[in-house]
Amino acid sequence: DQQVKQNSPSLSVQEGRISILNCDYTNSMFDYFLWYKKYPAEGPTFLISISSIKDKNEDGRFTVFLNKSAKHLSLHIVPSQPGDSAVYFCAASAGAAGNKLTFGGGTRVLVKP
Amino acid sequence: NAGVMQNPRHLVRRRGQEARLRCSPMKGHSHVYWYRQLPEEGLKFMVYLQKENIIDESGMPKERFSAEFPKEGPSILRIQQVVRGDSAAYFCASSPNRMGAKNIQYFGAGTRLSVL
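Protein chains in written order, with my numbering: chain A, 1 to 113; chain B, 114 to 229.
The set of hints was computed from the structure by calculation and includes no laboratory data.
Cβ coordinates follow ideal geometry from the N, Cα and C atoms, glycine included.
Hints are supplied without guarantee of correctness; some may be wrong.
Derived Cβ-Cβ restraints for the label pairs, each shown as a range [unchecked claim]:
(1) Lys157/B with Met29/A: 39 to 47 Å
(2) Arg191/B with Pro40/A: 34 to 42 Å
(3) Gln194/B with Ser12/A: 22 to 30 Å
(4) Pro113/A with Pro152/B: 23 to 31 Å
Negatives, chain A to chain B, calculated, CB over 10 Å [as the list claims (entries may be wrong)]:
(5) Arg17
(6) Phe65
(7) Lys71
(8) Pro82
(9) Thr102
Partial list, derived from the structure: chain A residues whose beta carbon lies under 7 Å from chain B [as the list claims (entries may be wrong)]:
(10) Gly83
(11) Phe89
(12) Phe103
(13) Arg108
In isolation and in its complexed conformation, chain A is listed as follows (with noise of 0.2 Å):
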């Protein structure tokens, strides 16, 4: 049962455009969403969140998106650059802080010069 998805494995975009992520979750229980990036043999780098309550946050080049009633979070980074080239994951959790983090498949984002 997949509550995290992913649905497009990789992305390729133009150096200094738009790339835009998409995931969807099925559990409402979910209440703090993350984005992390790994790249090969290292491991994720946590990038942005946003919490449940909030629609949209922010962080320099990183926007994510949150609908709720869609069940469906957007990572937004703009300017893309060739070092943004990595796999990026997103990531759920629900209800008390120390919980466990379900993760998607993950989508290989290839910035190309």
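Given the coordinates of chain A, work out where chain B should sit on it, guided by the hints.
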């Protein structure tokens, strides 16, 4: 401030041997989580520990796998009698103990286990 430290980075075991994976959380963090990633998949939660306590082990296989986070020293994920299907990347994460606030989990570089 050192990040989450995992060792070894790579571990090769033959079928039937034991694998021990270690994780030292970030300084000041008292929550530790273990995740497993199979090739081309996302990370799957295994277990959540605080010092000397297992809080949630709902993702741990019922047999051969165990985890601990002793009062002193790193957290250990132990896999007994390894099989080829245990080959994966195992990631440890830690978070601070700030009650009433959502805690971001910070990940180590992982241990890549290969079972021959």
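So, going through the hints one by one against the coordinates:
no.: 1; hint: Lys157/B with Met29/A: 39 to 47 Å; verdict: violated, 18 Å
no.: 2; hint: Arg191/B with Pro40/A: 34 to 42 Å; verdict: violated, 27 Å
no.: 3; hint: Gln194/B with Ser12/A: 22 to 30 Å; verdict: violated, 43 Å
no.: 4; hint: Pro113/A with Pro152/B: 23 to 31 Å; verdict: holds, 28 Å
no.: 5; hint: Arg17; verdict: holds, 26 Å
no.: 6; hint: Phe65; verdict: holds, 18 Å
no.: 7; hint: Lys71; verdict: holds, 17 Å
no.: 8; hint: Pro82; verdict: holds, 22 Å
no.: 9; hint: Thr102; verdict: violated, 7 Å
no.: 10; hint: Gly83; verdict: violated, 18 Å
no.: 11; hint: Phe89; verdict: holds, 6 Å
no.: 12; hint: Phe103; verdict: holds, 4 Å
no.: 13; hint: Arg108; verdict: violated, 10 Å
The structure is inconsistent with the numbered hints 1, 2, 3, 9, 10 and 13, although it conforms to all the rest.
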